[in-house]
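Enquirer: Can you build the whole structure from these sequences, using the hints too?
The chain contents come next:
Protein chains: 2
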Amino acid sequence: MEFLTATTSHAALGIIASFPLGERQTSYVPLEEARGRILASDIIALEAIPPFNRSLVDGYAVKAKDTYGARESTPALLIARGEIRAGEFTQQSVGDGEAIYVATGAMLPEATDGVVMQEHVRRSDADLEVTRSLRRGENICFAGEDVHEGQIVLEGGRELTPFDIGVLAALGITRVPVYGRPKIGLISSGDEVVPVCEAPSPGKIRDINTHTVSNVLAAKGCEVILAGIARDALKEIEEKLLMVRESDMILLSGGSSKGQMDLVTTAIEGLGGTLLFHGLNIKPGKPTIFASLWGRPVFGLPGHPVSCAMVALRFVLPMVQRLRGQTPGSGEWTIRGKLVTNVPSSYGIEEYVRATIEREEGSTKVRPIFAKSSVISTLSKADGYFVVPEGKEGLEAGVEVEVFPLA
Amino acid sequence: MEFLTATTSHAALGIIASFPLGERQTSYVPLEEARGRILASDIIALEAIPPFNRSLVDGYAVKAKDTYGARESTPALLIARGEIRAGEFTQQSVGDGEAIYVATGAMLPEATDGVVMQEHVRRSDADLEVTRSLRRGENICFAGEDVHEGQIVLEGGRELTPFDIGVLAALGITRVPVYGRPKIGLISSGDEVVPVCEAPSPGKIRDINTHTVSNVLAAKGCEVILAGIARDALKEIEEKLLMVRESDMILLSGGSSKGQMDLVTTAIEGLGGTLLFHGLNIKPGKPTIFASLWGRPVFGLPGHPVSCAMVALRFVLPMVQRLRGQTPGSGEWTIRGKLVTNVPSSYGIEEYVRATIEREEGSTKVRPIFAKSSVISTLSKADGYFVVPEGKEGLEAGVEVEVFPLA
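Residue numbers (the working numbering), protein chains in the order written: chain A, 65 to 471; chain B, 65 to 471.
By construction, these hints were calculated from the structure, which means they are not laboratory data. One or more hints might be untrue.
Which copy? The list can't say, so a pair holds if one copy fits it or any two copies do.
[What the hints assert, rightly or not] Restricting the straight-line Cα-Cα distance to at most 25 Å, the calculated cross-link-like pairs of lysine to any residue (SDA-like) are:
(1) Lys350 to His184
(2) Lys402 to Ile421
(3) Lys429 to Pro115
(4) Lys402 to Gly462
(5) Lys299 to Leu340
(6) Lys129 to Gln182
(7) Lys445 to Ala435
(8) Lys350 to Gly292
(9) Lys322 to Pro115
(10) Lys445 to Glu202
(11) Lys436 to Arg149
(12) Lys402 to Val93
(13) Lys429 to Glu310
(14) Lys429 to Pro392
(15) Lys284 to Gly359
(16) Lys322 to Met181
(17) Lys445 to Glu97
(18) Lys284 to Trp397
(19) Lys429 to Pro469
(20) Lys402 to Thr428
Expert: Have a look at this one:
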């Protein structure tokens, strides 16, 4: 039975990583819409940040050397001349033994290389006593200290954070080159599945997978095209596949029974597609299909909601990352902690175990949630999941595991 | 000088946590738009999930007791009668010594309490040999095993994840009670600041804070109302405050110099507001103001981009959480790791240090980024920040710190 020759998780991820994809579409979006998008090219600074030497405090711009050795009891004596406000352009220069009052953010006069904070001076008319020795550069941001001209400030393939947007703003970049959002066609299937808006008659259940998967994808910046629910009939599955043939990837959930899997594989092959793997040595999630159809990646996901969600997180998201143009592995956080109980598992199968995390002083505890793969409510309760490798027969209490956050 | 009587971080968070807020607005949104919203009330299941005993596999529904003791060499002998497909309503019942073929997801006939997988039977016509003993409940999800009627499945105050949406879908909840998105008025100020679309003349810089802060807020589900840039003039600051008086909270960035802070406090008090704190014992972020104006919280944020961002993350977001109706502290992840270098800090000041995280086998390393508070590019490079408590003069290499992720 073909289904029993399951592909390993490792091999499956390799097949997904090497699936040939076309060129990503790129476009420019306004800075206001760039958060969460994937930067399509390196951003090179065409100017320096800051563009001039700036004061970081309210105080007196001086030549630092004029303050060397100054103390409360033996202050340095300077002459205060004028003031520079924030935003003001100045061509003033400062001679030896002179100082100019500058506000926070103000441009510094030429030849000054430090700012004495107001707390460290005594002033009487133009006479200024500096009661503290200043280091060169103290309380100053030099021109180009943040970003110098020609510097690569952000690398292509990054998901743009609020702080990246700040860097782009600083450089005056109001149109940002980003990759297009992947369009993902999503099909649910199964005679037992009804849309959420319908009351299921006895024997039927509501369509959960469309909702979890579409939201997982939307959270990762995808556009989801919902094709609805296909009955367990070859013609319906083919019709739904054709409906979303223009998408960048197609996901079909619900082929968990032998009969359903056969329909899905027959439909894919009938439309000219090629199966790349068919059955994984993972739990939950064994009845997973991956294929190439019309040059596009197609996943057949298990019908059980937890299995479907786990395969989406573990196998579909790496492909989403590729379709987005995102640098692999970037922006992923895991939490390390110690198992509070033994976790049994089957040798030869990679298991995904939902868990909650408990933070204590000096240690992080991971508590497995043992539940069947049909129990969707555990995904709500779990903080994340950890992996029991296929080469292990379970993990012992106290072992450190790496938890992948769910949300 | 009033500014020097800085409020502690702890006291400031207490003031923010106890600021009196009005009732949150609630509304119903379609399930398709509910991700990331805050659930406004507990969700109680009005039905069981699953609504009937379901098979988790393809196989034969049996009475488990009929298989007790079965082995490869001494199989249990049963009579196979008919088949139930997924989605089919059945009123069949199974007698002692009988079995019915069921597909994955199918409703189980009454009186059956286990499903033998196909791999563990031998069949010839109606004669079925079961080669393995079954536990009661094996390969079944019993009615209500996921969610039972009357159970609180999701608690109000949660930020809805894709998996919560799945639970709501399972229950047929297509309209979801959520709190309204907070409306945040955002003002930038300073004579030195120009909008991003303008080329700054010498002495001026582009407005960064509007972009970082608005994106931090948008990422947390806020609606941001941009009031633009106020010059350093009382009248302009008052006008901008009045422009956004209908928002749930007002943020004004840019009051880092003594002169600018005075203008901001004068404007707030002139419009009838009350200062609640004015200067924090933190670094970066000391020149932070918090006030009540028109019954709404108002923050005066520092002008330096990093200071502004840190105060937004550390002090504004807890207020955002309250305005959203979110359960405090929920959905926050931190990463624990060991410092790779000593970190100096000033006694009596709580310091926030940006850092990168390096994962190694068995350990997590935290590498501080030392940079001035004007250097926005470090926020792009940092994975997060950690806190040096005010009671410490620095932290030593090897100490474990808790890193708050930035993005």
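Enquirer: Using 25 Å as the alpha carbon limit, work out where Lys299 and Leu340 are close: within a copy, between copies, both or neither.
Expert: For Lys299 and Leu340, the Cα distance is within 25 Å only inside one copy (22 Å; across copies 68 Å).
Enquirer: Are the CA atoms of Lys322 and Met181 at most 25 Å apart within a copy, between copies, both, or neither?
Expert: Classified as between: cross-chain Cα gap 12 Å, same-chain 76 Å, threshold 25 Å.
Enquirer: With identical chains, the pair Lys284 and Gly359 could be close in the same copy or across copies; at 25 Å between alpha carbons, which is it: within, between, both, or neither?
Expert: within (22 Å within a copy, 37 Å between copies)
Enquirer: Using 25 Å as the alpha carbon limit, work out where Lys429 and Pro392 are close: within a copy, between copies, both or neither.
Expert: between (28 Å within a copy, 21 Å between copies)
Enquirer: With identical chains, the pair Lys350 and Gly292 could be close in the same copy or across copies; at 25 Å between alpha carbons, which is it: within, between, both, or neither?
Expert: within (24 Å within a copy, 54 Å between copies)
Enquirer: Which holds for Lys350 with His184 at a C-alpha limit of 25 Å: within a copy, between copies, both or neither?
Expert: Answer is between; shortest inter-copy Cα gap is 18 Å, intra-copy 70 Å.
Enquirer: Should Lys402 paired with Ile421 be assigned to within, between, both, or neither, using CA atoms and 25 Å as the limit?
Expert: Cα proximity of Lys402 and Ile421: in one copy and across copies (9 Å, 20 Å).
Enquirer: Checking Lys445 and Glu97: alpha-carbon separation at most 25 Å within a copy, between copies, both or neither?
Expert: For Lys445 and Glu97, only the inter-copy Cα distance (21 Å) is at most 25 Å; the intra-copy one is 32 Å.
Enquirer: Can you tell me if Lys429 and Pro469 fall within 25 Å by alpha carbon in one copy, between copies, both or neither?
Expert: both (14 Å within a copy, 20 Å between copies)
Enquirer: Given a CA cutoff of 25 Å, do Lys445 and Ala435 count as a within-copy pair, a between-copy pair, both, or neither?
Expert: within (11 Å within a copy, 40 Å between copies)
Enquirer: Cα distance capped at 25 Å. Does Lys429 pair with Glu310 within a copy, between copies, both, or neither?
Expert: neither (46 Å within a copy, 45 Å between copies)
Enquirer: For Lys402 and Val93, with the copy left unspecified, which applies at a CA distance of at most 25 Å: within, between, both, or neither?
Expert: Neither, since 44 Å and 39 Å both go past 25 Å.
Comparing the model with each numbered hint stated earlier shows that hints 3, 12 and 13 do not hold.
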